[in-house]
Every structure is written in structure tokens, then in C-alpha cells.
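J.: Here's the letter readout for the chains.
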Amino acid sequence: MLKKSKITVFLIVIFLTFLIILLSNFGITNGITSFFSRILFPIQKSFYQSFGLLFNNQENLKLTEENLDFLKIKTDLEKLEKDNYALRDQFSVQKPEAQNLLPAKVIGFPSFIPNVSYPENLILDKGLDDGLKVGNAVLYKDNLVGKITRIDSSKSIVSLITNPNMTLAVKTGSKNAIGLVKGLGGGEMILGNVLLSEPLKNSDIVFTKGDLNIDGVGFPPDLIVGKIISIDKNPSALFQNAEVKSMLDFTKLNIVFVYKGSR
Amino acid sequence: MKQWIIWLILFLSIIAEGTITTLPLVLSSFLILMVFLRKNILFWIALIVGLILDLMLVRDLGLTSVIFLFFLIIISLYENKFETSTSAFILISSFLGSLIYLLFFGIQNAFIQSIFCSFLTLLIFKLLLISEIKTKKYKFE
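Going down the list, the sequences are from chains F and L. Heads up: the first sequence begins at 22 in our numbering, then just goes up one per residue. Heads up: the second sequence begins at 87 in our numbering, then just goes up one per residue.
This is chain F alone, in the form it adopts within the complex:
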């Protein structure tokens, strides 16, 4: 008897669940979903921030910030030297301008266990209501973080550049060698499709080549993707590869900037 009632309850609930899945696929539940997301979001955010305070050492965060500031200064100096100071002026520097950036707080790290796995995605507290779109680039202090791959009214999921699904066109800082950076997962990236004739060197900074479309969706040029840490050059191969490491520790990010495109 008890078994029968259990199965009856299960069948009723599973029917309701499939009904919800069906309605959600047709977009009928969007309004309700958005309403409940707005209720849950502040709770999720406050808990995430509390956890963040527990796990992140403030001194380490400060040092990382300083390190990034120094890296920015270094790369700016390299650019100045390269162009011999003459051909550059303030307007020729293609950097995302402040008015095109939207700050967003990181409220979740799916598939991340501290010291066991590396995050492949971030969840941000901004979504469609804030004017974001799928494909918008996400950055932090001239460093590329990733791009928005899924979005709802108040939240968005960012695939990090180290995510195995990410591929982007890049150029190197010193000799402008062009190639493709592909995420390998676990915080690793590989620079491939670089012709053997192109010179690559260790510690070379890798920048985005830029692939913005007319709506400003995509990667803006000259964002730092990472630094070359090892090169794999085989004379019999068509292309050479290099291992690239991002300058950012994605697990420590609390705030990032979404590039909404130039207006």
C-alpha cells in the first residue's frame, strides 16, 4: 500500500516536472523564473561574498592587484618602445574605454573545488536587463577573462579563456606573430597555428587580435590573454605551439568588466 502511494506521488511530481521543462522550453515560464531569480539572487550573492571573505587572504589579493598593475605598466612600456614613441598618441591606443565597460560581480564558480579543480566558468550578477548579450567579452585590467556564453535576465555565465570550448585569434607582443589560443581546461591554454617562420619567445605577452562585430560583440583587440611559458617547435611540423598562462588567478576574481561595445 505504502509502495503504491509512493509510486503515485512520484508519478504526479515527475509529471509536474516534465510539464515545467516543457513550459520552460517554450519560454512560458520566463516571467516566473525571472521573478524567483530576483528573490534568490541577493541571498546567493550574500552567501558567496561571505564564503569569499573566509577563503581569500586580503594581503594576497592586494599583492595580486599590485602585480597586475605592474604588468600593465610593463606592457604599456613595451608598446611605447615598439612604436618608437612617435606614431602613438592617446587615441591610437585601442583599449576598451571606461564608458564601454560594465562592472559585474562574480557570484559563482561552477565546477570549482579549491585545490582540486580549476574553474571553467564564472557566474556574473548582470544579465539581459543590464544590456549584456551572449558573446560579450569579459575582462579585468586589460586582461581577458572570457566571454558570455549563456545569459538570463539578471545573471550570465562566462566561459573562461582556459575553458576547452574557447578559441580566439591572438598576436604576440614582440613580433606580432599571429595564431590561435585554445583553452585546454584546468587553467591551461595552448597557442597554436603559428607558422614556423614566426618568432616566438618565452615570456612573450599574447594579446587578442580582435574580432568585434558591428554590435560590439566579441573580443576587442590588444587585451592581454597571457604569457608564453614554453614553446614546442618541431622543424618537421607545419605550425609551432606554445603553452600560454593567464596573468590572472580567476579563482580570486570578485569583480570583472563586461565590454559592451563602443557606442
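Please keep in mind that the hints were generated in silico from the structure rather than gathered at the bench. Do not take every clue at face value.
What the hints assert, rightly or not - What follows is a set of in silico ranges between Cβ atoms, one per label pair, in the way DEER data are often shown:
hint: 1; chain 1: L; residue 1: Thr172; chain 2: F; residue 2: Pro135; range: 27 to 37 Å
hint: 2; chain 1: F; residue 1: Ile49; chain 2: L; residue 2: Trp130; range: 18 to 28 Å
hint: 3; chain 1: F; residue 1: Phe36; chain 2: L; residue 2: Phe197; range: 26 to 36 Å
hint: 4; chain 1: F; residue 1: Asn234; chain 2: L; residue 2: Ser173; range: 56 to 66 Å
As the list claims (entries may be wrong) - Covered by chain L, according to a simulated footprint, are these stretches of chain F (three or more residues, beta-carbon under 8 Å):
hint: 5; stretch: 35-42
hint: 6; stretch: 48-58
hint: 7; stretch: 61-71
hint: 8; stretch: 123-133
hint: 9; stretch: 167-176
We treat Cβ as the ideally placed atom computed from N, Cα and C, and that holds for glycine.
Here the structure of chain F is known, so what remains is to put chain L in place on it, guided by the hints.
T.: Quick look at chain L alone, frame taken from chain F:
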């Protein structure tokens, strides 16, 4: 044993899974709830909690509930024939449940996470069992 401890574990699991970890802690909590409480209302709670997790983790609405519901019905059908309050059952069912859950959602390191989660579930189960025995003993005295 006070029931509120199990409900508190479920609440903390929802918070943890929705914010900082991908370990299927909610699934493990439902396993413990089913073993200790054996109530039909758990199916309704699984539906609601699954929807909450889908909203928090920006998943397609209802998918998590489906996994929870099938997991619960399998556990409850099993308990009609065999003893479920054993360490071996908790360890194996939480491992298999976690593995299927993690693979279904395409989460990395599914195997390691499942092992970790199953041992964590076993630990919580043992602690609850000890507290239950102590409570019964106290009442008897």
C-alpha cells in the same frame, strides 16, 4: 534524533552547491533524508529544491528535479526489499548517484568528486546514526 538537523544539512547543501562547490551535496542530503525519514513529501521537496538549484546555477528549469526524483524513487523501491541503513548502501548509492548527476551536467572531475562526496555522505550518515542511538539510549534510561 532531531529532524531539524537533517533539514539544516539540506539547507546548507543548497547554499553550498548554489554558491561555491559543484559537489552534489543536495543529492546526498536527499539520500540521508530518504533513509531516515522515508516520507512521500520528500518527492515534492525534491521538485522545489531542484527548481531552486536550477535558478541559482542558471540551468534549464526542471532538469535537476528529474535527477533528484528518479534517485529518490530508486532508493525508496530498494528499501522495500533490502535494508538501506547500512554503510555499504549509503556509500555505493551516493557514489553512483553523484557520478550520474555530475556526468549528466558535464561537470569536470566527476569521478573524484563522486568519491569525495560519497565518503562525506557516509560520514554525515554515521554521525546522525550515532546521535540517533544516543537519543534512544537516553530515552530508554
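J.: Find the hints from earlier in the document that the structure breaks and name them by number, from lowest to highest.
T.: none
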